[in-house]
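Construct the complete structure from the given sequences, taking the supplied hints into account.
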Amino acid sequence: MIDKEMTSARILIVDDEVTAVENLAHVCRKQGYQVTTRSSGIEAIEVLEKEGFDLVLTDLQMQSVDGMAVLKRAKELDPQMAVVLITGYATVDSAVAAMRGGAYHYIAKPFRWDEVREVLH
Amino acid sequence: MRFDLASLHGKITTAYITLVFGILALALIAFLDLLFLQRQISEGKVVSDLQSAISEMRMEEKNLFLYADQTALARADLFADSSIDILRFHGHTLVPLMEASDQATLVGRLVDYQAKLNEFQSATNTHSQPIEAEIRYIGQQIYLAVESISREKRSMLEAAAKKSQWLLLILLPIIGLAIYLVGRQLKQVVLMPLKKMELRLKPIADGRFSQLQPPSDDREFITFTDAFNRMLKELEIRQRRMMQSEKLASLGILASGVAHELNNPLSNISTSSQLLLEEFADSNADPEQLRNWLKQIDSETERGRRIIRTMLDFGSQKVFQKHPIKLLDLVNETRSFIGKTVLQHGVSLTVNIPENLLLLADKQRIQQMFINLIQNAINAAGQGAQVKISAMQRDKGGARLPEGAEVAGNLKCTTSYEGPFIEILVADDGPGIPEAILGKVFDPFFTTSDIGKGVGLGMFIIQEIVREHDGCLAIASRPGAGTKVIVLFPTGELADD
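If you read the protein sequences in the order shown, they are chains A and B. Under my numbering, the first residue of the first sequence carries the number 6, and numbering increases by one thereafter. Under my numbering, the first residue of the second sequence carries the number 206, and numbering increases by one thereafter.
Calculated directly from the structure, the hints in this document are not laboratory data. Bear in mind that the values here come from a model prediction, so they are computed numbers and not experimental data. Heads up, some of the hints might be wrong.
Partial list, computed: chain A residues near chain B (C-beta under 7 Å) [as the list claims (entries may be wrong)]:
#1 22
#2 24
#3 25
#4 28
#5 93
#6 118
#7 122
Chain B is nowhere near these chain A residues, computed Cβ spacing over 12 Å in every case [unchecked claim]:
#8 35
#9 40
#10 41
#11 42
#12 60
#13 64
#14 92
#15 124
#16 125
#17 126
All C-beta atoms, glycine included, are put in the ideal place defined by N, C-alpha and C.
Okay, structure coming up:
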């Protein structure tokens, strides 16, 4: 078990909603990911600069440093890093901006877990 | 003509007519006096004609007796004749000086005189002596009588002239006084009420709706103030309606914010429920974890309820009521609701308010104030602007201003506001407000936005809300250096708690 986790993909979950972070972390762990959580864009960028991740799941709307900024920094640090944006307020504009910014996927709240699991596979 | 003294028109007309009639009466008096003087002069002429005729007569009489000049007798007779003629034709003008009976006596004497002259002519030298004495005596009598009326006439003329002088001396001041009194009356009736009205109109001009009291009971003023007050009331109703519609517009912003904000708890409820359903069937599931999700569902439902209640509270019409409110919570709540607007404009909104700062205020209104302030800042600063909201407790002095900034609104706010107070600053880094229009930002319906974006009541409503809280509002701006809105609320009552 421990071995599997050691070798499993690393995922960073960023959301200023505690419940959302907790639930996302639970599902990701169940999927066998090694999970790191942060509750703001600034903290997310800090940890991104120190550690490498395979996947970043981030909320789009956060105070001061938002999901787009996290996406941008992540892509600067590692263009191969997959970033998935989760948004509570989905518009065509924000979706287009996210995909242009290099997002791997774009999920609108409230979502079904199947959508997330599909992305995680 | 009707003298309606309950109206300005009536009063002015009455005063004017009184003045005209008064002056006419005085002119009539002066005219009558002139007529009287004229009559005195014509009487004087008759008297002087008579006196000179009598004098000539006596001169000829002297010539007759002194030089025995017989031609003088005829001339004396002739002068006596003309004297009789004067008395006969102009006697009536002499009546005030000499009774008609006395005149008849005088005429009798003259006739007598003539008879004696005739007697003297036909008498012999020896008999002429007593006749001469008689003639002299009668002549003397006639002369004395005429002399006396002449003297009397002279003194009468002098008195008349003096009277005219006095009349003039009295009439002129009376006319002056009348004009002065009428002028003063007009001032009292027209100018004073106008002045009073000007004073009473001042607060209304400053934007405070208070009923205008008529400055006097005159109909014109009452009609005017009635019409004016009706208009004010209408204006007040309309303004209230406009404010209500502006509030509804804010509510629209809030509603979309609330819809967005509700999405978060809904999403959490959804994800927790899905996990709960999945794991419920699993006999290995951790009961603590299952309970945790249920708790989450419960608390997120409560969160959704709170969000909806905030909007309902904001939309409902409530009486002004002050409660201690946590300013930071209020601003954060407001920010989350209008987050969509902020997001759309790519504006960064930072809040710097001490955690425990309490403000004694009406929550609904303060929320409206913040919505308007933030919206103004976003509209003014445009895409990508930085908006900073800060608040702090202060003891004295005014808000610190950017150097060289122009200030509009209550200047006390920026100089000498009496503390303690809570200072709220909303600053943006937009283009600022040009000096020329800075003074107008508090005017209702003043807007620089495009048509359809706003009716221009935002700042006006902020001003109203600040006034309701006995606060102080000013706006400082320097073109190119952003705009700073300063709101000060007294904290006296709160400090006492």
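How the hints compare with the structure:
no.: 1; hint: 22; in the structure: 6 Å, holds
no.: 2; hint: 24; in the structure: 4 Å, holds
no.: 3; hint: 25; in the structure: 6 Å, holds
no.: 4; hint: 28; in the structure: 5 Å, holds
no.: 5; hint: 93; in the structure: 4 Å, holds
no.: 6; hint: 118; in the structure: 5 Å, holds
no.: 7; hint: 122; in the structure: 11 Å, violated
no.: 8; hint: 35; in the structure: 9 Å, violated
no.: 9; hint: 40; in the structure: 15 Å, holds
no.: 10; hint: 41; in the structure: 19 Å, holds
no.: 11; hint: 42; in the structure: 15 Å, holds
no.: 12; hint: 60; in the structure: 18 Å, holds
no.: 13; hint: 64; in the structure: 9 Å, violated
no.: 14; hint: 92; in the structure: 9 Å, violated
no.: 15; hint: 124; in the structure: 14 Å, holds
no.: 16; hint: 125; in the structure: 14 Å, holds
no.: 17; hint: 126; in the structure: 17 Å, holds
In this structure, the earlier hints numbered 7, 8, 13, 14 are contradicted, and the remaining ones agree with it.
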